[in-house]
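Engineer: Since the structure of chain L is provided, determine the placement of chain W on it from the hints.
The primary structure of each chain is shown beneath.
Number of protein chains: 2
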Amino acid sequence: MSLLTVGSVAFDSIKTPFGKINKTLGGSASYFSLAASYFTKPAMVAVVGDDFSKTDEKIFANRKINTNGLQKAKGKTFAWGGEYSFDLNSRKTLFTHLNVFQNFRPRLSSEHQKSKYLFLGNIHPTLQLDVLRQAKGAKFVGLDTMNYWIENAPKQLAKVLKLVNILIINDSEARELAKEHNLMKAAKKIFAAMNPHPDPLPEGEGVKTLVIKRGEYGLLMLSPASERSVPIYGRPKDADKSARYKYALRTFHLPGYPLEDVLDPTGAGDSFAGGFFGYLAKTNDASWANLKKACVAGSAMASFCVEKLGVAKLLNLKAAHINQRLKEFKKLTHF
Amino acid sequence: MSLLTVGSVAFDSIKTPFGKINKTLGGSASYFSLAASYFTKPAMVAVVGDDFSKTDEKIFANRKINTNGLQKAKGKTFAWGGEYSFDLNSRKTLFTHLNVFQNFRPRLSSEHQKSKYLFLGNIHPTLQLDVLRQAKGAKFVGLDTMNYWIENAPKQLAKVLKLVNILIINDSEARELAKEHNLMKAAKKIFAAMNPHPDPLPEGEGVKTLVIKRGEYGLLMLSPASERSVPIYGRPKDADKSARYKYALRTFHLPGYPLEDVLDPTGAGDSFAGGFFGYLAKTNDASWANLKKACVAGSAMASFCVEKLGVAKLLNLKAAHINQRLKEFKKLTHF
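Line by line, the protein sequences give chains L and W. Quick note on numbering: the first sequence equals residues 1 to 335 in the numbering used here. Quick note on numbering: the second sequence equals residues 1 to 335 in the numbering used here.
Keep in mind that the hints are not guaranteed to be accurate.
As the list claims (entries may be wrong) - Dumping the calculated EDC-like pairs for lysine to aspartate or glutamate here, alpha-carbon to alpha-carbon at most 20 Å:
1. W:K331 with L:E328
2. L:K185 with W:D261
3. L:K139 with L:D285
4. W:K292 with L:E328
5. W:K189 with L:D87
6. W:K293 with L:E328
7. L:K292 with W:E307
8. W:K185 with L:D261
9. W:K185 with L:E260
10. L:K293 with W:E328
11. W:K179 with L:D261
12. L:K189 with W:E260
13. W:K185 with L:E307
14. L:K185 with W:E307
15. W:K189 with L:D261
16. W:K185 with L:E328
17. L:K185 with W:D87
18. L:K185 with W:E216
19. L:K185 with W:E260
20. L:K179 with W:D87
21. L:K179 with W:D261
22. W:K179 with L:E260
23. W:K185 with L:D87
24. L:K185 with L:D171
25. W:K185 with L:E216
26. W:K189 with L:E260
27. W:K139 with W:E111
28. W:K179 with L:D87
29. L:K179 with W:E260
Source of the hints: derived by calculation from the structure; they are not laboratory data.
Looking at chain L on its own, in the form it has when it is part of the complex (with noise of 0.2 Å):
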């Protein structure tokens, strides 16, 4: 297998203005693997408790996701409520029960170590770090976080971050992370802290690239200019003085696919991860023309994703559609 994510695999329940919908599949893994499974058959490292069914388990294997990393643990899955505002940009937490997740130590099999692209989903720092020291194989790497991990486990969070090939962030957690409101300079400072890398990635393997989740407005990818620039930053101690460093970023701007009907933005940011990551494991190249069309392919999951009640519109996409949506992208940004 080329693909892994570890992440949660959860039951939702979702309230929005349009519609509602109880205990739904959902979590990190979970729109991770189905958005992935487009390009790739990704294999998940999770955890459920014994009220996960055979029906729910259908569901990933319908899409031929390796599920073989899916534990299962006494007690009840990780279950999560949410009610959106009318825009759908706000949504109120209505309970969070992490039951089995409260104890998730992931374990990689030989099988898993393998991987060479390698998503470690919104987890703690410590988790995200206990798996890349088992993940032997892993040669491209990609991070997701929250504000919760960025104000409560700064340390582990800086550490894991150096180990990462692209950190996948909303605008807000990049300013929060950067403590700085202008995102290319919150970039800068954040590739600062990215950088060195203590365990240099094979040539060509070693860029540090940045992706802004921006919502609807869709999203900023930025990564140092050049390879050969990345010394620049200077050590981790440099990181706050990085500002003074005058390079240009390279950057690639991709809007949201514009929908007439948004129905439900969960699992969005996820789907996204998994189309990018799908993308790349499927075509096996990290260059920044290809991290492009990485985005592209993440942008058009995550579009899909919105247009139906939690992970429904993700179970049975034909590739038609997704290569429609793909060639729309273009129209829509190229000039």
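Structural biologist: Frame of chain L; chain W shown alone:
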């Protein structure tokens, strides 16, 4: 002359967290003409008071802007003062002294009336309508408006909307005008309100286009999928039912140019319109493909505008700077 704008010339007093400037040249016609002057020789119709000095006039002369239509009236020039919040996303108006602008009645000379491209800056819709009646040679007309006119002169605005080719407004204004949060649905409602044209424009020039500006997030340009499909919007009284119609919108997205240092957003929207219409007048081509390029030219001028306080950055740009930025927009968006 091929490009004319009618709007305001003002003295602005601007306070931002990064600096302040008093009684500096401002107003929609000023920003528009300065930005357009890098592509064509624009003309303006506006009014100033007897405090408008030779030095102020020289700013326009240096950029070869035709100011034959700049009326001098007894009294003081329109004066505006504003202060921006830390992130520059919101501003507080400190004062608005309309002065001579209060009695502004735009009069187009026979020379002005021949202008093929016309941009109606943000003034009372009745004045915009009056200008349109005089502008007998206008083939492609753009319009700006604001929430104040949407709320206080909706009937007059509805009238003028039917007579223009392109409406350039902010996302919040588009939402308010259409009474619809979703921008794709809002666009359909606005197109319904813009059609049919009671005086059909010559073949190929009757397309209705909408540019929605989203600040740092860039813009969306939308148009009915094909010129043939315009009639389906039906009569104006069907406007409120327009969402029923099933048709695709031709959509183009362009991000804002990512800048590390934004000093002052004043005039960015008018600089966009100036670059957009300057490019159109220069190339004399209102096809969809060329409108996209005009968006890039406009966004480049807006990105320069915000890099210094007031109009400063628009006074002596080099062609090489502009070309460089146009190229960077391609790198930023193409994949």
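Engineer: Find the hints from earlier in the document that the structure breaks and name them by number, from lowest to highest.
Structural biologist: 7
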